[in-house]
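Peer 1: Next come the chains, spelled out residue by residue.
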Amino acid sequence: MLNLLNLGKQLRKIGVWQVFLVVMALPTLLALLGVLSSFLHPDIESLSHLAQYVLPQTIKNTIFLVVGVGVVTTTLGVSLAWLTAVCDFPLRKFFVWALILPMAIPGYVMAFALVGLFEYTGPVQHFLRETFGSSSAFPDIYSYGGVVMALSLALYPYTYLMVRNAFQTQGLRSLEVGQSLGLSIRESFWRICLPMARPWIVGGTLLVMMETLSDFGTVAIFNYDTLTSAIYKTWFGLYSLPAALQVASVLLIFVVVITLLERRSRASQRFSQTRSAKSVAGRIRLSGVDRWLALLVCVLVFSLAFVMPVMRLLYWAVPNMNADITSQFLGYVAGSTSLSLIAMLMIAGLALLMAFTARTYNSPFAKIVVRISTMGYALPGTVLAVGLFVPVAAIDNVLGAMGLSTPLLQGTMVVMLLAYSVRFMAVAFTPLESNLLRITPSIDAASRSLGVSGIKMLAKVHLPMVKGGLLTAMVLVFVDVMKELPITLMTRPFGFNTLAVRIFELSSEGLWERAALPALAIVLVGLIPAFILIRKSDAR
Amino acid sequence: MTSLIPFIKPVMPFMAVLLRLLSVRLLVVSALISLIIACSPSSEPVSDLALNDSAEINDAEPSEAIVVYSSRNEHLIQPVFALFTEQTGIEVKYTTDKAGVLIERIKAEGKNTPADVLITVDAGTLGYAAQQGIFQTLDSAIVAERVPAYLRDDSDYWTGLSLRARTIVYSTERVKPEQLSSYQNLGADQWQGRVCLRTSKKVYNQSLVAMLIAEQGETKAESIVSSWVANLAIPPTSNDTKVMDAILVGQCDVGIINTYYFGRLQTKIADLPLALFWPNQTAEADSGVHVNVAGVGILKHSKNAAQAKRLVEWLVSDSAQALFAGVNKEYPINDSVEVNPQVASWGHFKQNPLPLSQAYVLQPAAVKLMDRAGYK
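Top line first, the protein sequences correspond to chains A and B.
The opening position of the first sequence corresponds to residue 1 in our numbering, with each subsequent residue numbered one higher.
The opening position of the second sequence corresponds to residue 1 in our numbering, with each subsequent residue numbered one higher.
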């Protein structure tokens, strides 16, 4: 026991953990430096054109989009989480996990299905014209509202999952506190439950906003120009990678601002949970109209975000099903699944280590380093992929010059996993971080006084306390890796294909009828962890 | 999978903790998955994940696999390579990605690139690749003989492999072909509120406008593009198929598309009330229909350049051409090759003979021009 304690102290002295933190942040730092180094070769001509004709509109669009999607996903995520975690209404048990499912649908697939259904040429407006002679009253899907809807339906599960974790573990408990203070349920919700769930809500919203910033596929379907579209246009249209990266650094400013706002919002607050999560009180039984309203909201969201796109995919996939389910296709499924599984375990493990380390060495240095290593999520995937590939190739070339047989790194799964961990560290870290906030210093003191300290304390005391967050992190990473495209495309070994790559290959040629099957497979495989998560978290 | 173990080992203890947390159920699932991987007939590429795969490429004897990076999609190139392997016994390995990414990748890999050949779509992209210095010259008498000069690079760094025309599509119910004449004409008053265009972010439109600049000059081209924008019935669409869909339901009457998208829709809907119109054909001075290519170049650092050249020369041969173009309803690069009957039914047309390499030089100007004209 004493040994372990000493080990901890020694580690502290040498600073092994600080080194670990820095190593974790290094790849992201490399990619960020790559972006910033573009200022060494400023492409004034392209930049002045962009500044005059492109950036004003795209920056405005980006702000509107991030705010819109942030507000809608937070509203949806929090209310759905509250309903399913704390209240009781018909079919609640089904919606608990059903509402997670839209997460498995890639954003651009969601957008394509929505647009296909609601645009002027789609079946809904066609029906309106047939019946009423005109569909002009129907709102245009190719609009700000349309993009916000598509992205929100694809992204609200992030917030839902995280906030549900909070309400699940403390919602009923907080209500009891409220009741004992003589507050009504409504008052308790606004004054106790919601503020207490704040780290989770903010964390979920942060993830959604970063994902929105980096999105390209969804906004492209709506032809809604954001900073990310401007980056790609500059790179592939003006053939100026430096100018594209300079636009990307504007994007980074957005990320820094959002992160700082989040920091500020909870700088003065402390979150602790005093007793076990078990609650004596039962769920709130909704009565009368409320029951049906709650059901209606769930049905509406679930139909729009899941049933409708899946029906659309089935409609396309079924005719080609027999021809397309080949051993090759099963290979894609196996490739995607095993890749996601390995990445999930690795990234969740690293995030756990990082979260513990950052908590133990709660220094400004640690905080900054952790922030950096979670920034990869907001960079457009292709920029990040290239940003990481360039240094990896350079290392390989140096090794080659030293006489080793090359390429050592390129085309291996090591690079792939490294790049995934840069991209998805935020996804794994955020849910863990909010849960760690609940572990008070007094818990550490208590466990030490009982002779449990060092690594043993992490494993025996802390780990069980962050279990919910860890499960959330794992599901998020698993599904995100399944959907990931640019990194997979660039770093996959020859002949290795995933479902997401397959969707891209077919849909980029407009062959949605055949892209539907791999898309359905992603949804199907994504069901498994969602199901496990709910079984685990509801078992308590 | 075994070669992964050294990399996973350090994180093993953590994985064990995580797995315990998730308990038996997930373990069963992962075991099942591993089983699927192990048993599936396609386990070859999956188990090739790690080091040995790339090492294999490196050790390759000159007569072994040619490695292709392609931005043309898998289902369009795979049958072609299969035929090549069948006819020559030479294996082809390939990976696909976006063109811009592949070019950056080749640059980063430098001398150690495993790739021999880059296949990509659009003359602008090919020109950019050449300008980035990743190609070697083709030096092929066969290519020079079979591919018309304006569909090849001036400096011999790349050659076109198939031809697509970007032309006008119109509603046969609401438009008479006599009303149409040229690309420029779509900006005329009679088309007010009747035109549909795809987004200017697509390289096909950037090349089209680049060629307009080449023949009309920038000022004239800008006023043409502005007049198109003024005639738009709906905001620019995200793809060519949507342009045709919009014409079908009556949102607009004319649009500009690549011919193969029309071909696909024609296959799906038998009595399609749409037709293609070949613009800029009548007057002697007219420039002809804007064409673009899918093309190929041999990489400067190819370790297998002789075989790569063999592939390129095979690709412009008659048997390869019919397949390469036919699989995507495009036109072969050489007139002598028989065109797919459906494609032939659209009729003959005069191509714009301006060298395609102009598309690269003028593309940034075209992008900026469209930004100024408010073409989104």
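I should point out that these hints are in silico values taken from the structure, not numbers from a laboratory.
These numbers were taken from a predicted model, which means no experiment stands behind them.
Please note that a few of the clues may not be correct.
[To be verified] Simulated crosslink set (DSS-like; lysine-lysine; CA at most 30 Å straight-line):
| id | chain 1 | residue 1 | chain 2 | residue 2 |
| --- | --- | --- | --- | --- |
| 1 | B | Lys98 | A | Lys60 |
| 2 | B | Lys107 | B | Lys220 |
| 3 | A | Lys60 | B | Lys176 |
| 4 | A | Lys60 | B | Lys202 |
| 5 | A | Lys536 | A | Lys467 |
| 6 | A | Lys456 | A | Lys467 |
| 7 | B | Lys376 | B | Lys220 |
| 8 | B | Lys220 | B | Lys176 |
| 9 | A | Lys460 | A | Lys367 |
Peer 1: Between the alpha carbons of A:Lys460 and A:Lys367, is the straight-line distance 30 Å or under?
Peer 2: holds (25 Å)
Peer 1: Between B:Lys98 and A:Lys60, does the CA-CA distance stay at or below 30 Å?
Peer 2: holds (28 Å)
Peer 1: Going straight from one Cα to the other, do A:Lys60 and B:Lys202 come out at no more than 30 Å?
Peer 2: holds (22 Å)
Peer 1: Between B:Lys376 and B:Lys220, does the CA-CA distance stay at or below 30 Å?
Peer 2: holds (19 Å)
Peer 1: Within 30 Å, alpha carbon to alpha carbon, are B:Lys107 and B:Lys220?
Peer 2: With Cα atoms ~37 Å apart, B:Lys107 and B:Lys220 exceed 30 Å; violated.
Peer 1: Regarding the pair A:Lys456 and A:Lys467, is the alpha-carbon distance no greater than 30 Å?
Peer 2: holds (16 Å)
Peer 1: Would the hint linking B:Lys220 and B:Lys176 be met if the CA-CA limit is 30 Å?
Peer 2: Holds, because 27 Å separates the two Cα atoms, which is no more than 30 Å.
Peer 1: Decide if the proposed pair is consistent with the structure: A:Lys60 and B:Lys176, CA atoms, cutoff 30 Å inclusive.
Peer 2: violated (43 Å)
Peer 1: Given the proposed pairing of A:Lys536 with A:Lys467, does the C-alpha separation stay at or below 30 Å?
Peer 2: holds (10 Å)
Of the hints listed earlier, those the structure fails to meet are numbers 2, 3, in rising order.
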